[in-house]
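Combine both chains into one complex, guided by the hints.
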Amino acid sequence: MGKILMKGNEAIGEAAIRAGCLNYFAYPITPQSEVAEYLSRRMPEVGGVFLQGESEIAVGYMLFGAAGCGARVFTTSSSPGISLMGEALSYISSAQCPAVFVNIVRGGPGLGGILPSQADYFQATKGGGHGDYRLLVMAPDGVQEAVEMVMMAFPLAEKYRNPVMILGDGLIGQMMEPVEFPDHLKSEPSNKDDWATNGMDTRKSNERNLVKSLFLNAELLEEHNRVLKAKYDRMKKEEVRYEPYNIDTDYQVLIVSYGIISRVCRTAIDNLKAEGFEVAMIRPKTLFPFPEKAIEEAASKDSCKVVVSIELSMGQMVEDVERSVHGKRPVQWFGRSGGDIPTPEEIIDVIKSFVTL
Amino acid sequence: MQSEVMFAGFGGQGILLIGDILAHAAMEEGFEVAWIPSYGPEMRGGTAYCLVVISDRPIGSPIIRNPMHLIAMNRPSLEKFAPMLKPNGIVVINSSLISIGSGRDDVDELLVPANDIAGDLGSTKAANIVALAAFVARSKIVDFEILRQCVKKVFSSKENLISLNLKALEQGKEAAQVKNPGP
Numbered sequence: 001m002g003k004i005l006m007k008g009n010e011a012i013g014e015a016a017i018r019a020g021c022l023n024y025f026a027y028p029i030t031p032q033s034e035v036a037e038y039l040s041r042r043m044p045e046v047g048g049v050f051l052q053g054e055s056e057i058a059v060g061y062m063l064f065g066a067a068g069c070g071a072r073v074f075t076t077s078s079s080p081g082i083s084l085m086g087e088a089l090s091y092i093s094s095a096q097c098p099a100v101f102v103n104i105v106r107g108g109p110g111l112g113g114i115l116p117s118q119a120d121y122f123q124a125t126k127g128g129g130h131g132d133y134r135l136l137v138m139a140p141d142g143v144q145e146a147v148e149m150v151m152m153a154f155p156l157a158e159k160y161r162n163p164v165m166i167l168g169d170g171l172i173g174q175m176m177e178p179v180e181f182p183d184h185l186k187s188e189p190s191n192k193d194d195w196a197t198n199g200m201d202t203r204k205s206n207e208r209n210l211v212k213s214l215f216l217n218a219e220l221l222e223e224h225n226r227v228l229k230a231k232y233d234r235m236k237k238e239e240v241r242y243e244p245y246n247i248d249t250d251y252q253v254l255i256v257s258y259g260i261i262s263r264v265c266r267t268a269i270d271n272l273k274a275e276g277f278e279v280a281m282i283r284p285k286t287l288f289p290f291p292e293k294a295i296e297e298a299a300s301k302d303s304c305k306v307v308v309s310i311e312l313s314m315g316q317m318v319e320d321v322e323r324s325v326h327g328k329r330p331v332q333w334f335g336r337s338g339g340d341i342p343t344p345e346e347i348i349d350v351i352k353s354f355v356t357l
Numbered sequence: 001m002q003s004e005v006m007f008a009g010f011g012g013q014g015i016l017l018i019g020d021i022l023a024h025a026a027m028e029e030g031f032e033v034a035w036i037p038s039y040g041p042e043m044r045g046g047t048a049y050c051l052v053v054i055s056d057r058p059i060g061s062p063i064i065r066n067p068m069h070l071i072a073m074n075r076p077s078l079e080k081f082a083p084m085l086k087p088n089g090i091v092v093i094n095s096s097l098i099s100i101g102s103g104r105d106d107v108d109e110l111l112v113p114a115n116d117i118a119g120d121l122g123s124t125k126a127a128n129i130v131a132l133a134a135f136v137a138r139s140k141i142v143d144f145e146i147l148r149q150c151v152k153k154v155f156s157s158k159e160n161l162i163s164l165n166l167k168a169l170e171q172g173k174e175a176a177q178v179k180n181p182g183p
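Residue numbers (our numbering), protein chains in the order written: chain A, 1 to 357; chain B, 1 to 183.
Just chain B, same shape as in the assembly (with noise of 0.2 Å):
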């Protein structure tokens, strides 16, 4: 079983980290993962993307033209990457920043207020985190305790951010509870 999760934003958003939080998180749990960054001439304010790969036997070909799953945090990056998911995926979609739908009627379309939800937390840079947590919380594709424990560890430089961080996987994990009434 392979699973592939892309996330998607501008730059700055964070979205290389949460990528990389979950790839060391399936990672720990025993999985094949891959972590592979946007590569390529890219310009200022541009998108920034990473896929995610996790499987549960050597990885074979990494270059995936359709992931299975989608965490969009800004609109560009919904457009671009929705209509190439495979059916029956997660959509994640950061509904503070996204007013539209990814118009696909065969996935399972998470609205996430991510910024609004960290900004009440105290920071709106956490919203990748709230988003991060919702997926995993809604797609159960690793432990939530042994994401925590990656959230931890990413911040343990940062003693100020890991509580903040911390809040904020609570709240994207409640977040994913709630079911969308839809577009």
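This is chain A alone, in the form it adopts within the complex (with noise of 0.2 Å):
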């Protein structure tokens, strides 16, 4: 199939059917209500459901519910509305069921703005809820890559029993790119008769499925937290995605930075090149688990100075950077956060600036 152009929310919302998603939750938000506009009309087509919550914390325990059951099931938001199904992330991930969650970021705290902005690094792979829990985070760069991850998410999700987040921005969300949907991306859902309340009929069983995330017992949470546990080291071994870009170079700069952002730090090392200028670029598409050892052995190549960045906060990611440059190198930070992207110029001048120092 050739390809098509499509509005980054709208490839979301036809990525995730492609992906064997049925049901979508959600309520509206600037900058992704697109993507709910869509499925309205899509999803009675392919015979699936669509439904607009109340709020968000309705629909993130509807996420939960039918998680809980068994089906696959997803909902896209921005930022506070995220805010608001932090609980019910908390509890999905505790009771260890598989659902995507996709955060078209706006800017904030608060009510903030609704352009572009990656302020909700420290909510997506911090935290967000409350107790020990992980998601895994996957951030596109471009709205191909948005429906990649997106299709990826389902069977992740599923592997792990756990959360998925998808960080996109309100720029990814509005502009169109060609898109595909590739065949080797669809999946079907998994088996899940040992643990979802899918109905003992269903599964021809006399056993019960409990689905919860209450455990009093000292014992029994310490053990149900250290199964949790597992699974985010697992991720760690396993998950870990990043794109390096020039990186066969002597460069004197490591940038990291992901998401739209990375696209303009393409341009500026590229333009950098020309001049004679090496840069180099690690961009993680899983920020948790966040490429640590990439970054540790790029950052420690003899010819780099120094290591930046570059994102749309006021400083979030760069605290993951320094942890994994081990003091290696001095490590720096650049961001804008208002919703102005950075021109390719203003971060080659960035750049410029942390070399002569």
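The reader is advised that the hints may include incorrect statements.
As the list claims (entries may be wrong) - Label pairs and their in silico Cβ distance ranges: (1) B:F144 to A:T249: 35 to 45 Å; (2) B:K158 to A:L214: 57 to 67 Å; (3) A:N271 to B:M84: 15 to 25 Å; (4) A:G276 to B:D105: 25 to 35 Å; (5) A:K352 to B:G122: 53 to 63 Å; (6) A:E275 to B:G30: 43 to 53 Å; (7) B:L17 to A:V46: 22 to 32 Å; (8) B:S123 to A:G20: 39 to 49 Å; (9) A:E345 to B:D105: 19 to 29 Å; (10) A:D250 to B:F144: 46 to 56 Å; (11) A:L214 to B:M84: 55 to 65 Å; (12) B:S55 to A:G48: 30 to 40 Å; (13) A:G276 to B:K86: 48 to 58 Å.
Read the hints as simulated data drawn from the structure, not as lab findings.
For glycine and all other residues, C-beta sits at the position ideal for the given N, C-alpha and C.
Following this line, the structure appears as structure tokens:
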């Protein structure tokens, strides 16, 4: 099939359908309302469920209920909406239910603004909800990668019985780019008979399944948390994804950048290369698990003088970059946060300023 | 080689649509494309604009402060975006509604009375297609025949509009052949 030109938000909705997810619950919020608009039309066409909840809190628990029953399910929202889903995310993670959340991030904190932002890095990778849980977090840099990550998210959520979060931004949601929906990323929902409350008749069993997150006994709770930790450790071994750029050169600067802003960095790197100034980039595609080893290795190269975390926030990912570099090189940060995305020229000036320091 | 085309006017002039058509045509021709709409809080009657980036290699930053070309359908758009253009681009000015020039001597300025041409064809709504055709004919940014096919496809569900818009395409193309006397 050839490529078609699609808006990011619509492509995300279509990708979920192509991935075999026929349940979508959501509450509208800019800058991702087109996902709901698109799926309100498309889901009935494919025999799926489109349901607008009365709030994001309700939507979070609709996902919990449907996922607990063994259905493939997903939602999309934006920053404040994801905050309201935080409690459900914690419960879903503890109860080990697979579900996919897409956050088309808007500027914060508070009501903030609707322009592109990456200010929910901490929320996605470190918490958002309460308790010892982790999400598998992926961040696309364009519409095609958003499609692929959404399609990959469902089998990954089932592999780990854990929510997967896709972190996009308003520009990825609003822009149109040519996309294709790769056949090899289509997947069948996994068999969930051994844990889901999908009906004893359905699974022809006399055993009851119980989906819960309450463990009042200290020993049982700790044991449960060890089970969860083992899954997060396995993600760190098996799911780290990143893209190196211009890494085979004697670069003086290593950029770590993800999502839409990494594309601006790529153009800056190309332009600097034309001047004879080599800069490399590690672009994390998964934010949790974080490509710690790749960043440490790239930072350790003899020619590399400084590592710069470039992000659309006031300094969030930089903490993970510092943690990864282990003090082997100085780590700097550059970020913008109001919604204005810096130009390649601005990035070039920033990079040069860090080298001449 | 990368070109950026800014389409700008007021809401209702079909600005996003002609950007969409050009992006489709460029994709059909095998280019990498990105279509970025005006996006942000906007009031009724405000400006509408979109940017189409066309490149022969993967598009890095889709954020362009200084586009190459401009299709200005109303005066505020011309005043806002003309100063930002890179040198040597094309500026299509809808001279039916805009009485001033771009004020730039380093661009190829093309005056197209798009509303008048479209009105003569039967509907001023086709002014956007006239302007798009003039730009494509002048810039040769995509093959004109591919553009024609894309216009047909876009209006395929509204058959009564196909012939109007195909005529608008031809008239726009013709308007681009005229060498302007300059402002």
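Status of each hint after checking the structure:
1. B:F144 to A:T249: 35 to 45 Å: Holds, at about 42 Å.
2. B:K158 to A:L214: 57 to 67 Å: This hint holds: roughly 58 Å between Cβ atoms.
3. A:N271 to B:M84: 15 to 25 Å: 19 Å, holds
4. A:G276 to B:D105: 25 to 35 Å: Taking Cβ atoms as reference, G276 (chain A) and D105 (chain B) lie about 34 Å apart, which means the hint holds.
5. A:K352 to B:G122: 53 to 63 Å: At roughly 57 Å between Cβ atoms, G122 (chain B) and K352 (chain A) fall inside 53 to 63 Å, so the hint holds.
6. A:E275 to B:G30: 43 to 53 Å: 30 Å, violated
7. B:L17 to A:V46: 22 to 32 Å: With a Cβ separation near 27 Å, L17 (chain B) and V46 (chain A) satisfy 22 to 32 Å, so the hint holds.
8. B:S123 to A:G20: 39 to 49 Å: 45 Å, holds
9. A:E345 to B:D105: 19 to 29 Å: 24 Å, holds
10. A:D250 to B:F144: 46 to 56 Å: Given about 47 Å between the Cβ atoms, the range holds.
11. A:L214 to B:M84: 55 to 65 Å: Check passed, 59 Å falls within 55 to 65 Å.
12. B:S55 to A:G48: 30 to 40 Å: Taking Cβ atoms as reference, S55 (chain B) and G48 (chain A) lie about 36 Å apart, which means the hint holds.
13. A:G276 to B:K86: 48 to 58 Å: At 24 Å between Cβs, range violated.
Going through the hint list in order, the structure does not satisfy hints 6 and 13.
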